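Colleague: Please work from the sequences and hints to get the whole structure.
Taken in order, these protein sequences are the chains called D and L. Under the working numbering, the first residue of the first sequence carries the number 1, and numbering increases by one thereafter. Under the working numbering, the first residue of the second sequence carries the number 1001, and numbering increases by one thereafter.
Careful, some of the hints might be misleading.
Pairs of lysine to any residue residues, derived as SDA-like cross-links and limited to a Cα-Cα distance of at most 25 Å, are as follows [what the hints assert, rightly or not]:
1) L:LYS1088 x D:GLU725
2) L:LYS1072 x L:SER1033
3) L:LYS1004 x D:ASP665
4) L:LYS1024 x D:HIS702
5) D:LYS676 x D:LEU691
6) D:LYS245 x D:ASN184
7) L:LYS1107 x D:MET299
8) L:LYS1088 x L:ARG1065
9) L:LYS1024 x D:GLU721
10) L:LYS1115 x D:PHE697
11) L:LYS1088 x D:PHE747
12) D:LYS739 x D:VAL634
13) D:LYS871 x L:MET1117
14) D:LYS788 x L:LEU1106
15) D:LYS333 x D:ALA360
16) D:LYS676 x L:GLU1017
17) D:LYS520 x D:MET299
18) D:LYS506 x D:TYR518
19) D:LYS72 x D:LYS150
20) L:LYS1004 x L:MET1117
21) D:LYS788 x D:GLY833
22) L:LYS1024 x D:VAL694
23) D:LYS788 x L:ALA1093
24) L:LYS1024 x L:MET1117
25) L:LYS1107 x L:LYS1072
26) D:LYS719 x L:GLN1062
27) D:LYS193 x D:LYS259
28) L:LYS1107 x D:LYS739
Just some of the chain D residues that point at chain L, by a computed CB distance under 7 Å [unchecked claim]:
29) HIS685
30) THR692
31) ALA696
32) PHE697
33) GLN699
34) LEU701
35) HIS702
36) ARG704
37) GLN711
None of these hints come from the bench; they were simulated from the model. The model shown is predicted, which means the values in this text are computed figures rather than measured ones. Where is the CB? At the ideal position from N, CA and C, for every residue including glycine.
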Amino acid sequence: MSALMRGTDWSHTSMGPIENWPQSLKTTLGILLHSRFPMFLFWGPELLCFYNDAFVPSLGKDGKHPHALGSKAQDVWPEMWTTIYPMILEVMKGNKAIWSKDQLIPIYRNGTIEDAYWTYSYSQVFDEENSIAGVFVAVAETTAEVRMIKELEESENQYRNMIAQTPVGIAVLKGPDLVVETANEFYLQIVDKKSEQMIGRPLFSSLPEVAGSVEGLLQGVMASGQPYQGNEFPVSMRRFGKDEKMAYFNFTYQPLREKDGVISGVIVVVNEVTDIVLAKHHAEESQQRFSEYVKASPMPIGIYIGRDMRIQTVNDAILKAWGRKNESEVLGKTFREVLPELEGQPFFKLLEDVYTTGVAFHSDNHRVDLVHDGELRTFYFNFTYTPLRDKDGNVYGVMNTALDITDLVVAKKQLERSQQELLTAGSRLSLAMDAGRLGSYDLDLLTGKMECNTQCKINFGWKINSAFDFDDLLQSIVEEDRNDMLARLNKSLETRSDFNAEYRVKWPDDSIHWIRTYGKPSYNESGSAMRVAGITIDITESKLAVQKIEESERRLNMTLEYTQTASFDLDLQTRALIANNRMAEIFGYEPGTKLTFENLRSRFHPDDREGIVEPAYERAMTSGNYFYEARVLVPGSSPRWIRTQGKVTYNDRQQPFHMLGTVMDITAEKNEQRRKDEFMGIVTHELKTPLTSVKAFTQFLHQRSVISGDQQSAALLSKMEKQVERLNVLIEDLLDVTKVEGGKMKFQLAAFNFNMLVQEICAEMRLITTKKIILEEKDLNGVIVGDKYRTGQVITNFLSNAIKYSPGADRVVVRVFEAGNEMICEVQDFGIGIGKENQSKLFQRFYREIDDVVTFPGLGLGLYISSEIIKRQNGRIWVDSEKGEGSIFGFSLPINLERSGQ
Amino acid sequence: MANKIIYVVDDDSSILEILSIILKDNGYEVVVSSDGSSLQTLDIVPSLIILDIRLANIDGSQICRKCKESEKLSSVPVILVSANLDGKEIAQACGADDFLAKPFALKEILQLTEKYMVPQEQ
Chain D
1 MSALMRGTDW
11 SHTSMGPIEN
21 WPQSLKTTLG
31 ILLHSRFPMF
41 LFWGPELLCF
51 YNDAFVPSLG
61 KDGKHPHALG
71 SKAQDVWPEM
81 WTTIYPMILE
91 VMKGNKAIWS
101 KDQLIPIYRN
111 GTIEDAYWTY
121 SYSQVFDEEN
131 SIAGVFVAVA
141 ETTAEVRMIK
151 ELEESENQYR
161 NMIAQTPVGI
171 AVLKGPDLVV
181 ETANEFYLQI
191 VDKKSEQMIG
201 RPLFSSLPEV
211 AGSVEGLLQG
221 VMASGQPYQG
231 NEFPVSMRRF
241 GKDEKMAYFN
251 FTYQPLREKD
261 GVISGVIVVV
271 NEVTDIVLAK
281 HHAEESQQRF
291 SEYVKASPMP
301 IGIYIGRDMR
311 IQTVNDAILK
321 AWGRKNESEV
331 LGKTFREVLP
341 ELEGQPFFKL
351 LEDVYTTGVA
361 FHSDNHRVDL
371 VHDGELRTFY
381 FNFTYTPLRD
391 KDGNVYGVMN
401 TALDITDLVV
411 AKKQLERSQQ
421 ELLTAGSRLS
431 LAMDAGRLGS
441 YDLDLLTGKM
451 ECNTQCKINF
461 GWKINSAFDF
471 DDLLQSIVEE
481 DRNDMLARLN
491 KSLETRSDFN
501 AEYRVKWPDD
511 SIHWIRTYGK
521 PSYNESGSAM
531 RVAGITIDIT
541 ESKLAVQKIE
551 ESERRLNMTL
561 EYTQTASFDL
571 DLQTRALIAN
581 NRMAEIFGYE
591 PGTKLTFENL
601 RSRFHPDDRE
611 GIVEPAYERA
621 MTSGNYFYEA
631 RVLVPGSSPR
641 WIRTQGKVTY
651 NDRQQPFHML
661 GTVMDITAEK
671 NEQRRKDEFM
681 GIVTHELKTP
691 LTSVKAFTQF
701 LHQRSVISGD
711 QQSAALLSKM
721 EKQVERLNVL
731 IEDLLDVTKV
741 EGGKMKFQLA
751 AFNFNMLVQE
761 ICAEMRLITT
771 KKIILEEKDL
781 NGVIVGDKYR
791 TGQVITNFLS
801 NAIKYSPGAD
811 RVVVRVFEAG
821 NEMICEVQDF
831 GIGIGKENQS
841 KLFQRFYREI
851 DDVVTFPGLG
861 LGLYISSEII
871 KRQNGRIWVD
881 SEKGEGSIFG
891 FSLPINLERS
901 GQ
Chain L
1001 MANKIIYVVD
1011 DDSSILEILS
1021 IILKDNGYEV
1031 VVSSDGSSLQ
1041 TLDIVPSLII
1051 LDIRLANIDG
1061 SQICRKCKES
1071 EKLSSVPVIL
1081 VSANLDGKEI
1091 AQACGADDFL
1101 AKPFALKEIL
1111 QLTEKYMVPQ
1121 EQ
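Modeller: Here it is, written out as structure tokens:
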């Protein structure tokens, strides 16, 4: 700007050249030009304009700069001349200074007239003669600040309006007296008061009736500083020109804190919810009425809420159906908690489906197993699950209505009973007898009139639209059966018992059908029979099936009888037992006794019950097979042995369902076994006793011969000793086989060093063979748990065979090593070998190669016994051989035998 | 040596015979019996009893039990002998000190005899 000023040729203006300018002007311009604040100077009578760089932005783009410099004020500021000229004049006249803040003075700049705000001061500038020669203007444009403040004011206004228009009541209460400082229109509407009745007065002076409800709360907020929220809060109010009435509010009391944190009042925000609450009360009342209706209903009804089926309402009828006594046992609990016995039955799933899909479910004659008085029993219900919907149509619960038709079904089942029993006895024939084939009738005994449903007509082969009365029914019955039926009917009426009959009917098409009927007579007050109502069922198919079953059962029974076998059917869920007479006999009960599970249980020898029968039962639940032999104690007779074999059947949910089986008295067999054992003992004794003395004599003589130097005798006696030993081995083998067969081989388990055992046996065998026995041990500390004696027997057997069957070879190799978790022993010979075709038979009893009888005498029992010994210890035994190439016999035993349980 | 008496019970006379020969040959005095009936009435107390389990009229294990219960014989070691391998368990059950399976080798019976005679002398 200084450069601009110096560059301007002032000589053509009224100012003249700069060097002639008065000092006072130069001084003033010096201040102005060096200031960073916007400044302006009007100079001389023509009010020529000077300004500094800081002022330039206020002149705008395409505005007055730079031509304003040195120009006359009136030419520069035409748009605001009327505003500023009076101020300039006033200052020039002698008013020392004029000051104005945020003054709106429009200015032409940026190509248009703009509203601009200014804060400025006008002050006098004196010349050398001390007369006022100009006006100094310090100015700041405040347009931006002013606009911002305006905007703020605007938004605050909007905010105020918003509060005023919010459909919630807001009031600010101040001081301990809760003086209403402000309250919006809605607040006033809620309390039905005019502004002047409320503002500036203590709240409860205007609303005395609400003090009881909320004064405590408000003072509480004041005292604690804790906000309080009321939800559907009831307040009794007098308003709208009516009597005091209950109103409901949702509200918040917020403490009002001053800057120093002191609580000076309470901000009340309140929303009236009276309509909603009343509507809800109304709904609850109707719910209550509904509950009462449910309670009064003779039909079982239960209402479950939510996906977890929480029981909200039940009546006595459904409690009775569930076998529960009190409402309190079930209310608030989930259906699943209350009826855990339904686990595995379809109801939980059905309820959930109804809840999910919103589609009602209905089922007739549905079996339900429920615990009544601590016992699982079977019932039959017609039941419906109806979804309950809220006003938006969303499912919120399920209503369960049910009809206990157990009696009816039981009656029906009674008719099926015999067939059912036969069925469970093992037949797979299906007796097609669904509920749809049930006819019903109601006979009026006085008039002889009969009402019946269409199924009843169908059962008698009549068209469904034809009239069918009692006479028609009687005439349909085959003559031989008719009187029997009538006799049964009369007897039922006389004895006041249920009416049951089975008879054949001849249909109009001449086909013969079997009908079973069941009825209940009813009587009037004087005791005369009035009506008989009941059902009819076509049982032709069943009859035919029954005939077949009867035949097969007759055969089965004959077989059972012939073999003196008892049979049973145990319901594994209820422990209900069906058993034949032989069962009672075996367990020492009178024939015909209705046996229970407990009857049988109590008869077992206590040791066997715990040690044998119960473990067998537990095993059967998973394996499906039931087997045991145990002793039964019948008071007054000697203990008897029984053998039970059974199979577990599973239902479609894979739960153990029934156990079917047979029981045999095996006392005689056991006695026989014992006699056999005793006999074997005698045989052992009788054979070994002479052997013992022969062996001792031989050894004694052998010793003597050696001492006396009779070498020939010594050699012969040595051979004799070997033969005696062979005889002993044969006897041992025979005894072992007997033990294996009888399951009598005993194993004495203990930890032993397997390597040492092999070493010992190799050492023993070296004494009796000329062959080299080469022992190759890879692992030296193989301790295993097993029967050392029996295992040694196997190694000895392998080695004897290897020596025996390799006449031309000079060595036998024994290998011991660990592999996986097994200890392995292999014995390799270089002898005659065994053809592949015979290898599988090697471990069978009495197996020998026929050709070898002469060459290799023996009973052929060794490998059979060996394989039994190894298998019983959970090991494996094998052979690898080629005819003519020698053989490798091997066996393995698990290193960790502790849990093998032999 | 005179007090080293071995009492041998077996119902088989040839076994009694050979055992007598062998034991006497090894310097012991031998008393034999077919049923052990003289055990309790005997004036002397033997140093060792060798007892067969299966006897004609009596169970050897019962004889063993009686010995172990009697004041006179309770400290005398008893070796049970049997052709049945189960004899091992029977021997344990009736309190016998050892068991030897028939048919035994001479070496075995002598070793076992030796074993029970040594502590008897101390």
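Colleague: Hint by hint, note whether the structure agrees.
Modeller: Here is how each hint holds up against the structure:
{"no.": "1", "hint": "L:LYS1088 x D:GLU725", "verdict": "holds, 21 Å"}
{"no.": "2", "hint": "L:LYS1072 x L:SER1033", "verdict": "holds, 18 Å"}
{"no.": "3", "hint": "L:LYS1004 x D:ASP665", "verdict": "violated, 56 Å"}
{"no.": "4", "hint": "L:LYS1024 x D:HIS702", "verdict": "holds, 17 Å"}
{"no.": "5", "hint": "D:LYS676 x D:LEU691", "verdict": "holds, 22 Å"}
{"no.": "6", "hint": "D:LYS245 x D:ASN184", "verdict": "holds, 23 Å"}
{"no.": "7", "hint": "L:LYS1107 x D:MET299", "verdict": "violated, 94 Å"}
{"no.": "8", "hint": "L:LYS1088 x L:ARG1065", "verdict": "holds, 15 Å"}
{"no.": "9", "hint": "L:LYS1024 x D:GLU721", "verdict": "holds, 22 Å"}
{"no.": "10", "hint": "L:LYS1115 x D:PHE697", "verdict": "holds, 23 Å"}
{"no.": "11", "hint": "L:LYS1088 x D:PHE747", "verdict": "holds, 13 Å"}
{"no.": "12", "hint": "D:LYS739 x D:VAL634", "verdict": "violated, 30 Å"}
{"no.": "13", "hint": "D:LYS871 x L:MET1117", "verdict": "violated, 42 Å"}
{"no.": "14", "hint": "D:LYS788 x L:LEU1106", "verdict": "holds, 24 Å"}
{"no.": "15", "hint": "D:LYS333 x D:ALA360", "verdict": "holds, 23 Å"}
{"no.": "16", "hint": "D:LYS676 x L:GLU1017", "verdict": "violated, 32 Å"}
{"no.": "17", "hint": "D:LYS520 x D:MET299", "verdict": "holds, 23 Å"}
{"no.": "18", "hint": "D:LYS506 x D:TYR518", "verdict": "holds, 19 Å"}
{"no.": "19", "hint": "D:LYS72 x D:LYS150", "verdict": "violated, 35 Å"}
{"no.": "20", "hint": "L:LYS1004 x L:MET1117", "verdict": "holds, 8 Å"}
{"no.": "21", "hint": "D:LYS788 x D:GLY833", "verdict": "violated, 29 Å"}
{"no.": "22", "hint": "L:LYS1024 x D:VAL694", "verdict": "holds, 18 Å"}
{"no.": "23", "hint": "D:LYS788 x L:ALA1093", "verdict": "holds, 21 Å"}
{"no.": "24", "hint": "L:LYS1024 x L:MET1117", "verdict": "holds, 14 Å"}
{"no.": "25", "hint": "L:LYS1107 x L:LYS1072", "verdict": "violated, 30 Å"}
{"no.": "26", "hint": "D:LYS719 x L:GLN1062", "verdict": "violated, 39 Å"}
{"no.": "27", "hint": "D:LYS193 x D:LYS259", "verdict": "violated, 32 Å"}
{"no.": "28", "hint": "L:LYS1107 x D:LYS739", "verdict": "violated, 29 Å"}
{"no.": "29", "hint": "HIS685", "verdict": "holds, 5 Å"}
{"no.": "30", "hint": "THR692", "verdict": "holds, 4 Å"}
{"no.": "31", "hint": "ALA696", "verdict": "holds, 4 Å"}
{"no.": "32", "hint": "PHE697", "verdict": "holds, 5 Å"}
{"no.": "33", "hint": "GLN699", "verdict": "holds, 4 Å"}
{"no.": "34", "hint": "LEU701", "verdict": "violated, 10 Å"}
{"no.": "35", "hint": "HIS702", "verdict": "violated, 9 Å"}
{"no.": "36", "hint": "ARG704", "verdict": "violated, 10 Å"}
{"no.": "37", "hint": "GLN711", "verdict": "violated, 20 Å"}
The structure is inconsistent with the numbered hints 3, 7, 12, 13, 16, 19, 21, 25, 26, 27, 28, 34, 35, 36 and 37, although it conforms to all the rest.
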